[in-house]
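Novice: With the hints as a guide, dock the two chains, each given alone in a separate frame, to form the complex.
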Amino acid sequence: GAVVSQHPSWVICKSGTSVKIECRSLDFQATTMFWYRQFPKQSLMLMATSNEGSKATYEQGVEKDKFLINHASLTLSTLTVTSAHPEDSSFYICSAGTLLNNEQFFGPGTRLTVL
Amino acid sequence: SQQGEEDPQALSIQEGENATMNCSYKTSINNLQWYRQNSGRGLVHLILIRSNEREKHSGRLRVTLDTSKKSSSLLITASRAADTASYFCATGRASGTYKYIFGTGTRLKVLA
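Listed in order, the protein sequences are those of chains A and B.
Sequential numbering of the first sequence, starting at 1, is according to this note's numbering.
Sequential numbering of the second sequence, starting at 116, is according to this note's numbering.
Isolated chain B (complex conformation) (with noise of 0.2 Å):
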């Protein structure tokens, strides 16, 4: 099963308001990453926090990590309808095989 959980799994805002999107996981991370990903497009990569760290700050975007409640945060301010597109958060494990698992991503609609 995928390790992140992410809620809502729609969400959808007028524009100039802030989105905020969650991410869940189960087990110990190294680092988690945002992306994000237009219809039909590939994926662009926003944001990667390490488990060291709380909180980053990208442009617009805010990420959080709480790596004792297994869970991170993205929060896009003043969002644009340009924001429109499906965001994923991506799980890089501590331990055990190296590879990233994808959350189940939320679809962000922001209407003009």
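In isolation and in its complexed conformation, chain A is listed as follows (with noise of 0.2 Å):
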């Protein structure tokens, strides 16, 4: 049980075009989804939390209005990367958990290159 998915696994995208990222709760409702992103050789940096019909909570220094995030449903949350830059390329990972017991599962993770 407590698989996450995302999708796509890896994606490459011109300069100024927009990504969207999803990241599903196979098997359990997710209350809250987490976005992390991980530069090379780097740990992972909390982007932003988000709640099941909520707006998003973002971190100190994430630019909501670049990176959108929807959590439109308890097993679905989606993170778009808004006019993609090069600085923007990484790895970007959701993890989704419940309030029953603050465990958080990852997902496998969304490489995004920017050419």
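Among the clues, some could well be false.
Listed below are the simulated DSSO-like cross-link pairs for lysine-lysine, each with C-alpha atoms no more than 27 Å apart in a straight line [said to hold, decoys possible]:
hint: 1; chain 1: A; residue 1: 66; chain 2: B; residue 2: 185
hint: 2; chain 1: A; residue 1: 66; chain 2: B; residue 2: 171
hint: 3; chain 1: B; residue 1: 171; chain 2: B; residue 2: 141
hint: 4; chain 1: B; residue 1: 141; chain 2: A; residue 2: 14
hint: 5; chain 1: A; residue 1: 41; chain 2: A; residue 2: 66
If you are wondering where the hints come from, they were derived from the structure by calculation, not from laboratory data.
Specialist: What follows is the structure in structure tokens.
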């Protein structure tokens, strides 16, 4: 149980385009989903926390207008990188959790390359 | 800033040896998780230890938690070349916003 999937697993796009990444909890309902970013050889940095049906809470320094997060259901959250630039190239990882026991389960990640 | 600091940052050992990685954190936690990440890949969950637990085992893995010192350790016994990866701790806070903060990670290299 507790499987989280991400789609796509990798994406290459041109500078200026927008990219949407999906995060799904496959066998449980996630009250909260988190989005992380990881640059090469660095740790994961939390970008934002989203609760189903409400606006996401962004970490300091993360542009909410650039990284649009939608958590429309208890099993799906999406991250849209708008007007992507090469510096947005990174590994994006989501996690899903429930308030029941404060445990989180991570997706396999999406590698974004912006040319 | 990140909550967790791990040491060492890098560790190189011979196959068969034990590897110990440490994680220190700053605020009270609800639980702590250890993850492995192979280069360029996603996270693999290893162990979750709750704040009321002191030690957990899973196969060749042993995790300890000392809440008084705000630290945790991950021990990999009889290491194998396949254990080569980066290892991260992630702490879930006891109060305030429910979220996990990752440590800086330890890059482990096991030499065959």
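Novice: Is residue 41 of chain A within 27 Å of residue 66 of chain A, Cα to Cα?
Specialist: holds (24 Å)
Novice: Decide if the proposed pair is consistent with the structure: residue 66 of chain A and residue 171 of chain B, CA atoms, cutoff 27 Å inclusive.
Specialist: violated (41 Å)
Novice: Would you check the hint for residue 171 of chain B and residue 141 of chain B, treating anything up to 27 Å between C-alpha atoms as holding?
Specialist: holds (22 Å)
Novice: Taking only the CA atoms, is the gap from residue 141 of chain B to residue 14 of chain A under or equal to 27 Å?
Specialist: violated (41 Å)
Novice: Verify the proposed pairing of residue 66 of chain A with residue 185 of chain B, using a straight-line Cα cut of 27 Å.
Specialist: violated (36 Å)
The structure fails to meet hints 1, 2, 4 from the earlier list, while all remaining hints are met.
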